[in-house]
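Based on the provided sequences and hints, a complete structural model is requested.
Chains as they are written, first to last, in the working numbering: chain H, 12 to 172; chain R, 12 to 172; chain C, 12 to 172; chain D, 12 to 172; chain F, 12 to 172; chain X, 12 to 172.
Hints are computed from structural coordinates only; laboratory data are not their basis.
Honestly, I wouldn't trust all of these hints.
Said to hold, decoys possible - The following label-pair restraints were derived from C-beta to C-beta distances:
1. R:Ser117 with H:His119: 49 to 55 Å
2. F:Asp132 with R:Tyr113: 47 to 53 Å
3. F:Arg163 with D:Glu116: 26 to 32 Å
4. X:Ala143 with F:Ser16: 50 to 56 Å
5. H:Pro141 with C:Gly134: 37 to 43 Å
6. D:Glu116 with F:Arg151: 41 to 47 Å
7. F:Lys39 with D:Gln158: 29 to 35 Å
8. R:Gln161 with C:Thr15: 41 to 47 Å
9. X:Asn111 with C:Arg118: 48 to 54 Å
10. R:Ser131 with C:Thr15: 52 to 58 Å
11. D:Asn34 with R:Tyr113: 22 to 28 Å
12. R:Ser38 with F:Gln26: 23 to 29 Å
Note that the structure is a prediction, hence the values are computed from the model and not measured.
Even for Gly, the Cβ is constructed at its ideal location relative to N, Cα and C.
Number of protein chains: 6
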Amino acid sequence: MSETSKAPSESAVDQNVYKIFPNDLNSKYTVFGGLVMSLCDRTALIVAERHSGAPCVTAAVDSLHFVGPARAGDTLIIRAAANRSWRSSMEIGVHVAAENSYTGESRHVVSAYLTFVALSDDGTPQPVPPIAPETDAEKRRFKDAGQRRQQRIRDRKHKSK
Amino acid sequence: MSETSKAPSESAVDQNVYKIFPNDLNSKYTVFGGLVMSLCDRTALIVAERHSGAPCVTAAVDSLHFVGPARAGDTLIIRAAANRSWRSSMEIGVHVAAENSYTGESRHVVSAYLTFVALSDDGTPQPVPPIAPETDAEKRRFKDAGQRRQQRIRDRKHKSK
Amino acid sequence: MSETSKAPSESAVDQNVYKIFPNDLNSKYTVFGGLVMSLCDRTALIVAERHSGAPCVTAAVDSLHFVGPARAGDTLIIRAAANRSWRSSMEIGVHVAAENSYTGESRHVVSAYLTFVALSDDGTPQPVPPIAPETDAEKRRFKDAGQRRQQRIRDRKHKSK
Amino acid sequence: MSETSKAPSESAVDQNVYKIFPNDLNSKYTVFGGLVMSLCDRTALIVAERHSGAPCVTAAVDSLHFVGPARAGDTLIIRAAANRSWRSSMEIGVHVAAENSYTGESRHVVSAYLTFVALSDDGTPQPVPPIAPETDAEKRRFKDAGQRRQQRIRDRKHKSK
Amino acid sequence: MSETSKAPSESAVDQNVYKIFPNDLNSKYTVFGGLVMSLCDRTALIVAERHSGAPCVTAAVDSLHFVGPARAGDTLIIRAAANRSWRSSMEIGVHVAAENSYTGESRHVVSAYLTFVALSDDGTPQPVPPIAPETDAEKRRFKDAGQRRQQRIRDRKHKSK
Amino acid sequence: MSETSKAPSESAVDQNVYKIFPNDLNSKYTVFGGLVMSLCDRTALIVAERHSGAPCVTAAVDSLHFVGPARAGDTLIIRAAANRSWRSSMEIGVHVAAENSYTGESRHVVSAYLTFVALSDDGTPQPVPPIAPETDAEKRRFKDAGQRRQQRIRDRKHKSK
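And the structure:
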């Protein structure tokens with residue numbers, strides 16, 4: 012299953028939308044972080060399963076930053092794409108914007124990098140196809156994903172000392 | 012606000028995704044109709060609010076047909092676009108497919124036509140921009156929406172006799 | 012299972028109640044259309060399963076009209092009854108009212124006609140009992156359901172041309 | 012508001028229905044107690060608000076007994092009625108049955124007695140109308156509610172000693 | 012499994028926390044009783060399953076009293092412990108406080124006694140370990156639980172006469 | 012408000028519990044990552060608000076690793092404590108274990124570091140008290156949090172070049 016590489020565009024989700032509900036708001040009328048995390052995970056999972064062709068589970072969230080708040084009435088626009096893959100894992104990048112659907116204005120809300128692992132029928136990790144980046148942005152994300160992985164490995168070594 | 016017409020592409024949602032959860036399944040392991048209806052309404056609402064630039068409420072579902080079942084493990088792909096508008100109302104067409112994300116196979120699940128009304132600050136209907144269809148498909152949907160409206164008006168007259 | 016006819020009263024739901032929650036409200040403090048659709052589907056499903064004695068799935072919503080808004084604090088009162096059945100399908104009529112439980116005042120909110128199909132153990136459609144309308148209102152609904160079905164068949168022919 | 016007495020039938024909910032969802036089931040495929048408690052509270056609240064004509068809050072659950080389990084596929088049928096009222100509080104009796112909608116068979120699942128208090132605009136308790144029981148069953152429930160209240164007062168005295 | 016007694020501290024939940032969400036609030040901005048009941052049941056269930064080492068189901072809520080309201084912004088702090096066990100049933104005591112996390116102030120909201128039954132693989136009741144109370148408070152709760160059980164048995168006899 | 016330092020123990024949550032529901036499970040019968048992220052956020056938020064005495068919002072998840080899966084029937088045990096604070100932000104460490112409540116066995120599932128910002132009434136960041144670590148573990152976490160913050164600042168500089 013993993014011989015042939017795939018372009019990020021073959022598995023990307025371009026425009027997952029979520030209209031904010033009253034229950035998603037804290038006392039400052041901004042959206043709970045946990046809701047946004049959950050939407051990032053659910054959207055990225057679809058990308059991971061499309062890319063790998065197998066059920067996937069979340070392995071890590073390495074970096075998820077709130078750039079600005081999402082508010083009552085906003086529509087969240089969630090985009091996700093596979094940045095790079097390794098033997099049985101993939102880094103999925105997620106971008107969340109908050110759109111005021113009345114004016115069309117849109118603000119960047121969250122950037123996140125999640126790692127997923129593909130599972131075979133017996134629940135053990137299974138190989139996934141390599142990513143073949145095509146656009147300049149995809150190539151940059153591919154390279155950055157490699158650096159983030161190096162950093163993670165260094166961090167883990169540091170910890171285990 | 013309503014003088015300038017807008018193309019359907021300015022407000023369309025192309026790829027709202029929803030990974031089916033265990034709670035969405037009935038005893039035959041297919042998805043509850045009510046969940047799909049609710050997703051159609053939530054996605055179409057975003058289109059209506061983008062097109063009108065105002066808060067909108069659902070006025071009617073004139074036709075919502077289940078073409079095939081969605082099952083456990085499927086990802087629902089919901090597309091919605093404004094077909095035509097009248098003084099303060101809009102017909103939004105919705106198409107739902109069930110994708111097997113592992114194989115990439117996709118089946119048509121639901122087609123629906125929903126009507127929304129735009130509201131001003133005091134809660135009364137407010138004018139919305141006309142739709143300017145551009146592609147052939149958009150022009151056909153524009154024309155069909157007009158026929159569906161004629162039929163609705165005939166039905167209502169028939170009823171009130 | 013389908014030999015003996017049944018009266019609508021044998022399967023009707025007379026008073027399903029739903030107290031509106033904060034999360035059910037949009038920015039105009041009226042209830043999301045999707046919630047009402049979902050309640051209509053869930054209530055009508057019970058009627059269809061009572062009438063057919065089998066698991067049922069939603070086949071279509073042919074007409075669902077919002078006559079007026081439901082608001083914060085209201086209690087939704089949902090009534091549903093089988094109007095007519097054909098070989099393996101049934102039309103269920105649903106009426107939703109919004110009750111101000113403090114004053115007892117009640118307003119009509121939604122009328123809807125949903126079609127359900129009964130399924131056998133292997134997931135194929137199975138015959139359902141005929142409807143035997145008894146009251147004048149039941150007889151009128153039985154007749155109207157037949158006309159709606161004729162219209163649907165004409166619409167489908169028109170489309171496939 | 013409280014001068015004129017009201018019959019239990021003026022505020023009763025006769026047939027609130029709830030089709031059990033997958034998420035409502037524990038590992039033994041029976042329904043979580045918390046779901047049933049929550050449905051009892053939501054249904055009884057409507058009765059309390061209808062009877063008192065005011066917003067109400069739950070004051071106590073004095074007795075809620077599971078007579079038998081509700082299972083996957085069952086439809087819960089919830090009935091609630093005001094048994095008796097005091098200055099600003101009411102005892103609401105709730106009966107839950109689990110119906111197999113396919114066969115029509117129905118089993119008793121829960122009996123419960125909940126006490127609600129009616130609140131005025133400033134959030135303090137406000138008087139509620141007396142209950143005027145009409146049928147024999149209503150009269151028996153009225154009398155039993157009085158005994159339960161005596162017992163509660165005895166229990167509280169015993170505790171505070 | 013039931014030979015060796017266990018102390019309440021071996022199964023107690025000391026600090027289950029729940030930050031109140033907008034959807035949990037009624038029109039008086041206090042928390043729905045049904046939510047609190049549901050949290051009591053879910054927390055007590057964990058204690059019952061820890062104590063018995065088996066899946067448990069709710070048998071009864073004998074007494075659940077709202078001492079004061081919980082409001083928007085509060086954090087509910089839920090504590091639960093096994094008070095006493097009989098052959099296959101256990102009384103779990105639950106205490107709910109509402110904490111203003113900003114000031115640290117905490118108010119008592121609910122006290123409740125729930126009875127659970129442990130189930131064997133075939134769904135029949137199975138023996139549970141005896142409770143061995145250690146602290147003075149545990150010993151008092153053990154004794155009170157016995158009196159509440161006597162009262163329940165008297166009530167049931169009275170009813171069946 | 013920020014002059015006096017506080018120990019981590021003054022705001023920590025020691026044992027937030029969550030019994031896994033059917034809807035929380037993917038097709039491999041392990042828990043969705045998004046659910047665990049959401050629980051981490053909700054528990055850490057309480058710690059941040061207790062420590063700062065003010066409403067807080069999530070600023071970042073710097074590292075959230077799934078060490079092992081949580082499965083159907085498990086109880087999640089979530090612990091969270093403030094590791095270190097800066098002018099108006101705090102790092103909260105979260106540890107999630109999956110407990111088999113029947114056997115008492117417990118496995119480490121997730122470790123996460125979340126950053127929260129405290130907000131004043133006008134929605135701008137407000138100062139928070141310093142953390143005064145007391146135990147050896149608290150002192151180590153305090154030191155590590157400083158290193159993670161240095162790394163974050165380096166990463167951000169690197170990015171903006």
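Now the hints, each set against the structure:
Look at Ser117 of chain R against His119 of chain H: about 31 Å separates their beta carbons, and that is not inside 49 to 55 Å. Between Asp132 of chain F and Tyr113 of chain R the Cβ separation comes to about 34 Å, which falls outside the hinted range of 47 to 53 Å. Distance hint check for Arg163 of chain F and Glu116 of chain D: the Cβ-Cβ separation is about 29 Å, which falls inside the suggested range of 26 to 32 Å. For Ala143 of chain X and Ser16 of chain F, the Cβ-Cβ distance of about 42 Å falls outside the hinted range of 50 to 56 Å, so the restraint is violated.
Range check, Pro141 of chain H to Gly134 of chain C: Cβ separation about 39 Å, and the 37 to 43 Å hint holds. Glu116 of chain D and Arg151 of chain F have their C-beta atoms about 45 Å apart, which keeps the hinted 41 to 47 Å range intact. A C-beta distance of roughly 31 Å is found between Lys39 of chain F and Gln158 of chain D, which places it inside the suggested range of 29 to 35 Å. For Gln161 of chain R and Thr15 of chain C, the hinted distance range of 41 to 47 Å is satisfied, since their beta carbons lie about 42 Å from each other.
The hinted window of 48 to 54 Å between Asn111 of chain X and Arg118 of chain C holds, with their beta carbons roughly 52 Å apart. Separation of Ser131 of chain R from Thr15 of chain C is about 55 Å and conforms to the stated range, judged on CB atoms against 52 to 58 Å. Judged by the Cβ atoms, the range 22 to 28 Å given for Asn34 of chain D and Tyr113 of chain R holds: they are separated by roughly 24 Å. Range check, Ser38 of chain R to Gln26 of chain F: about 39 Å between beta-carbon atoms, so the 23 to 29 Å window is missed.
Against the hints set out earlier in the document, violations occur for numbers 1, 2, 4, 12.
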